[in-house]
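Listed below are the residues making up each chain.
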Amino acid sequence: MADLKLELKEKIIEQLNLEDMSVDEIGDQDPLFGEGLGLDSIDALELIVMLDKDYGIKLADPKEGRQIFESVETMANYIEQHQTS
Amino acid sequence: MKPVYINSVGSVSAQKTYDNDDFLEEIMTYNDTILRVIDPDYKAHIPPAAARRMAKGIKMSTVSAKTALKEAGLENVDAIIVGTGLGCIGDSEKFVSAIIDNKEQFLTPTRFIQSSHNTVAGQIAISLGCNGYNYTYVHSAISFESCLVDALVQIRNEEANHILVGGVDEIVAHHVDTHRLINHIKSEPVSTEHLLQSNTAGCVMAEGAHFFVLSNQKKETTYAELTAVTTYNTLSRDKLTEKTIDFLSQNGETLENIDLIILGNNGDDGFDSYYGILSDGIFKNTPQAYYKHLSGEFDTASAFGFWLAAKILRGGTIPKAVQLNQIKAKKPMNILLYNQYRGENHSLVLLKRC
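Just so you know, the sequences run in chain order H and C. Note that the working numbering has the first sequence beginning at 4, numbered continuously upward. Note that the working numbering has the second sequence beginning at 656, numbered continuously upward.
It should be emphasised that the hints constitute simulated quantities derived from the structure, not laboratory data. A virtual CB, placed ideally from N, CA and C, is assigned to each residue, including glycine. Honestly, I wouldn't trust all of these hints.
Straight-line Cα separation of at most 25 Å, DSS-like style, residue types lysine-lysine; simulated pairs [said to hold, decoys possible]:
| no. | chain 1 | residue 1 | chain 2 | residue 2 |
| --- | --- | --- | --- | --- |
| 1 | H | K56 | C | K758 |
| 2 | C | K939 | C | K975 |
| 3 | C | K758 | H | K61 |
| 4 | C | K939 | C | K1007 |
| 5 | C | K874 | C | K1007 |
| 6 | H | K14 | C | K758 |
| 7 | H | K14 | C | K749 |
| 8 | C | K749 | C | K698 |
| 9 | C | K749 | H | K61 |
| 10 | H | K56 | C | K749 |
| 11 | C | K671 | C | K758 |
Covered stretches of chain H, going by a simulated chain C footprint (3 or more residues, C-beta under 8 Å) [stated by the list, open to error]:
| no. | region |
| --- | --- |
| 12 | 31–41 |
| 13 | 49–58 |
With the sequences and hints as input, model every part of the structure.
Structure (structure tokens):
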């Protein structure tokens, strides 16, 4: 689980061009959107594609994203429960 | 006709041009086949949250545009017109590569948004909150001049008072590789000082972003008056002199009135002969200048020439580094710019001191 969280943080920094951030600056429970990392709706699309491409998880209902992408921890939990590849 | 003034400039180039207080006081010399811009402090101009999605071309343009707006004392403009040969080609390459690598699946929006040619004009408009005319010309080596024509028409027809006009192109690896294959880039490094003596095919390819505020109002910051612009997609060598004389005549000028001609020589021995027709012909007794040894060649490199002309007209001096012949120039009143790329897309631009 710890490895997955670290991997997610690295992917978030790389995919979303958060050049000035390091994995140490992203807490497991930090909000990704709003006051946390300040991600926006375009980032949400990037994260949905990342789940599909890297973990084989398709979100049937995009509204689920609100809970799944709340933090790195919620993402990691969701991936562990749903990963198919 | 109503005068159109160049009220400010902004430049990011292979020289230290991002500071408007400096005018080629320190020349950066190179010995290479490609030149990259000297990066300004992007973070000082662009919030980190906005910068993370910006391609290099957008960052260069944002700094250049903000510099021009600040100098003109404007927070917004009536129109934004941008010229670019290849847009943000770096992200275009990444987007197309992602299509291929992922077998047309998993495409994300960011690269696509950035890779469209009009993203520069769009991003500037968003940052300014400008809801006015927003247009991008993609016309190879006359992309920037097409913007000038559009702006001239709009200001003269009183459709706009202040227009932000610019030209931008970025350099990326794949683009360089393909242009090397077709010998459009020199095969051997050439030094800045000896570009025109290289006697080899191709150019030294580069990148840059240059923005200007054109206005119907003369201000303390005004550099010059933009008098006329014309472009030709095709123009044979034997017609160049005639077309140049016609252009001057149509705009009430004679050869004798031209105090300085600024030429776009890029050291390509296959095509610099176009410039030779004018420099050895009707302008052989006229002071001459060139600039692509400093800026390198790119589709909107002529905007560096425009920047150079504006600076010369306001300051009254011609930097030694750009002088092409030995004819001593008086304080220039009228400057003619001529540019072409590989024998196509020719432009003539006339500027006047005011």
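Quick check: which numbered hints come out false for this structure?
As far as the earlier hints go, 11, 12 are violated by this structure, in ascending order.
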